[in-house]
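Asks: Listed here are the chains, written in short residue letters.
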Amino acid sequence: MSVIDIAKGMGVTLGHLFKKPVTVSYPEQKVQLKARFRGRHHLLRHPDTGLEKCIGCSLCAAACPSYAIYVEAAENDPANPVSAGERYAKIYEINMLRCIFCGFCEEACPTGAVVLGHEFELADYRYQDFVYGKEDMLVGVKGSPWQRREAAAKGTEVVLGFEAEHRPELEGVDY
Amino acid sequence: MINDPLWITFVKALLLCLVLLGAFAYMTVIERRLLGRFQHRYGPNRVGFRAALQPIADAIKTVFKEDLVVSGADKFVYFLAPAISITCALAAFGAIPAGPAGSLFGFNPWVMDLDIGVLYIFAVTGLGVYGIFLGGWAANSKYALMGSLRSSAQIISYELGLGLSVLAVLMVAGTLNLREIVEAGIWGVSPWLWPGLALAFASFAVSATAEINRSPFDLPEAEQELVAGYLTEYSSIKWALYQMAEYVNMMPSAALMSTLFPGGWKAPAFLDNLIPGMSEWPIIWLVAKMAIFMFTFIWLKATLPRLRYDQLMRFGWLRLFEVALLSALITGAVIVFVV
Numbered sequence: 001m002s003v004i005d006i007a008k009g010m011g012v013t014l015g016h017l018f019k020k021p022v023t024v025s026y027p028e029q030k031v032q033l034k035a036r037f038r039g040r041h042h043l044l045r046h047p048d049t050g051l052e053k054c055i056g057c058s059l060c061a062a063a064c065p066s067y068a069i070y071v072e073a074a075e076n077d078p079a080n081p082v083s084a085g086e087r088y089a090k091i092y093e094i095n096m097l098r099c100i101f102c103g104f105c106e107e108a109c110p111t112g113a114v115v116l117g118h119e120f121e122l123a124d125y126r127y128q129d130f131v132y133g134k135e136d137m138l139v140g141v142k143g144s145p146w147q148r149r150e151a152a153a154k155g156t157e158v159v160l161g162f163e164a165e166h167r168p169e170l171e172g173v174d175y
Numbered sequence: 001m002i003n004d005p006l007w008i009t010f011v012k013a014l015l016l017c018l019v020l021l022g023a024f025a026y027m028t029v030i031e032r033r034l035l036g037r038f039q040h041r042y043g044p045n046r047v048g049f050r051a052a053l054q055p056i057a058d059a060i061k062t063v064f065k066e067d068l069v070v071s072g073a074d075k076f077v078y079f080l081a082p083a084i085s086i087t088c089a090l091a092a093f094g095a096i097p098a099g100p101a102g103s104l105f106g107f108n109p110w111v112m113d114l115d116i117g118v119l120y121i122f123a124v125t126g127l128g129v130y131g132i133f134l135g136g137w138a139a140n141s142k143y144a145l146m147g148s149l150r151s152s153a154q155i156i157s158y159e160l161g162l163g164l165s166v167l168a169v170l171m172v173a174g175t176l177n178l179r180e181i182v183e184a185g186i187w188g189v190s191p192w193l194w195p196g197l198a199l200a201f202a203s204f205a206v207s208a209t210a211e212i213n214r215s216p217f218d219l220p221e222a223e224q225e226l227v228a229g230y231l232t233e234y235s236s237i238k239w240a241l242y243q244m245a246e247y248v249n250m251m252p253s254a255a256l257m258s259t260l261f262p263g264g265w266k267a268p269a270f271l272d273n274l275i276p277g278m279s280e281w282p283i284i285w286l287v288a289k290m291a292i293f294m295f296t297f298i299w300l301k302a303t304l305p306r307l308r309y310d311q312l313m314r315f316g317w318l319r320l321f322e323v324a325l326l327s328a329l330i331t332g333a334v335i336v337f338v339v
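Residue numbers (our numbering), protein chains in the order written: chain A, 1 to 175; chain B, 1 to 339.
In case anyone wonders, no lab produced these hints; they're calculated from the structure.
Treat the hints loosely; a few may be bogus.
What the hints assert, rightly or not - Computed list of lysine-lysine pairs in DSS-like fashion (alpha-carbon distance at most 30 Å, straight line):
id : chain 1 : residue 1 : chain 2 : residue 2
1  : A       : K154      : A       : K142
2  : B       : K75       : B       : K142
3  : B       : K301      : A       : K20
4  : A       : K8        : B       : K75
5  : B       : K142      : B       : K65
6  : B       : K301      : B       : K61
7  : A       : K154      : A       : K134
8  : B       : K301      : A       : K19
9  : B       : K75       : B       : K301
Bear in mind that the values here come from a model prediction, so they are computed numbers and not experimental data.
All chains should be built: construct the whole structure from the sequences, respecting the hints.
Replies: Structural data, given as structure tokens:
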């Protein structure tokens, strides 16, 4: 390395000194996420009827590489259907500590019921709190169990730390 | 030798130690923030306003760490080695003048004005090498021993370049006394001498960077190499003392660089037109020049990759030694035949 090369390198670093850093000061500034960012799962509903899209076929559980999804199906009561087909998912649990957020479940789903949204602030304290049930993932639930618990304890709303581009598959989800 | 009464010298020495240790604390933050900005990110900015309290947080963390003594370590030497390092680092600043005589509220702005000032500083930093290899030896561990041997070999190799570069300045100024070197005024010498002095400055700067184990010569700190070298078996306060010694060593190096070459505490004389006597203000100009050099140290650390040990030794003995020798020869030749 000659002196000229060293001087050129030092010029590059000096130039960086005067540019604005690319760091996002996270809690104060919101992270900007792209549309197809893979975060927490949402279980979607049909926009017109309000029935759940999930028919309990368990293809997502079959596709999951980490065996994180557990599905138990039940027959739809014709008088009060939960989903739009013959069956619905009576129990739908995803173990977030096993999940690798790959999105295979979303690709396998025939009805587009399970879609990965943008929430990533999922940290919590105990293992059992990481097994998300249907009530944690249905569309309309905002935030992770930890965020909802803290907001309820303080009496405030859940504030999400990110802003995401719009994704059309996430019907009914608005941050 | 212009010196103040003994008790004033003690007070100034104490004050200097406190100031240097405080400066070390803030140098760690400044370095981390500057490194961050060089790398397009922020440095630490959470603790206190813009990380002003970060050194306190670091100090609290270090003090609460477990202070181990490695089994099989030679206890006396194990405790002595970091103490030697930091003592020599602090002592080296004593001979550096920060202003003209009598300008610090009637006192002299230096701790000691020695007729052998330059030699004293080299001697004290040479004693600092004891801290390094005794540290590695006392830890009773292979990594530490190899690391300390490499480190001491690096330091004594670059002392060669250091001494020869200073020779050029000494020939021009004619004295080892730092105060008289500054007063002799390097700026005012004949332009024939500038190439030799510029070469001397360049080789002095590189040698000083290698002396204080600073990037790109900071192999002892590289964790991929020999874990942490002579620092491996030290934790808590003793490790903090070694880190202090490294950062504090930066300051006499920067101060010596600014004293020997660009004119010490003097500012360019044209500033006397703005405010009379401005070019003779104590401390401020020296600190400004030191700040520029320390910024350059950090800039080098952000830019260059480390040198491998054999590259380092080859560079010190073959390239740098020749450049320093050349600068001394050129300066000597110009003084004898031209000026």
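Asks: The structure should be examined with respect to each hint, and the outcome stated for every one.
Replies: Status of each hint after checking the structure:
The suggested pairing of K154/A with K142/A holds, with an alpha-carbon distance near 16 Å, which does not exceed 30 Å. This hinted pair checks out: K75/B and K142/B have alpha carbons roughly 17 Å apart, not beyond 30 Å. A C-alpha spacing of about 20 Å is found between K301/B and K20/A, which places the hinted pair at or below 30 Å, so the restraint holds. A hinted pair counts as satisfied when its Cα atoms are at most 30 Å apart, and K8/A with K75/B does not qualify at roughly 48 Å.
Only pairs whose Cα atoms come within 30 Å are accepted, and K142/B paired with K65/B is accepted, the gap being roughly 24 Å. A C-alpha spacing of about 25 Å is found between K301/B and K61/B, which places the hinted pair at or below 30 Å, so the restraint holds. At roughly 25 Å between alpha-carbon atoms, K154/A and K134/A fall within 30 Å of each other, so this suggested pair holds. Under the criterion of a C-alpha separation no larger than 30 Å, the hint pairing K301/B with K19/A is consistent with the structure, at around 19 Å.
For the hint linking K75/B to K301/B, the alpha-carbon distance of about 35 Å lies beyond 30 Å, and the restraint is violated.
The earlier numbered hints that this structure contradicts are 4, 9.
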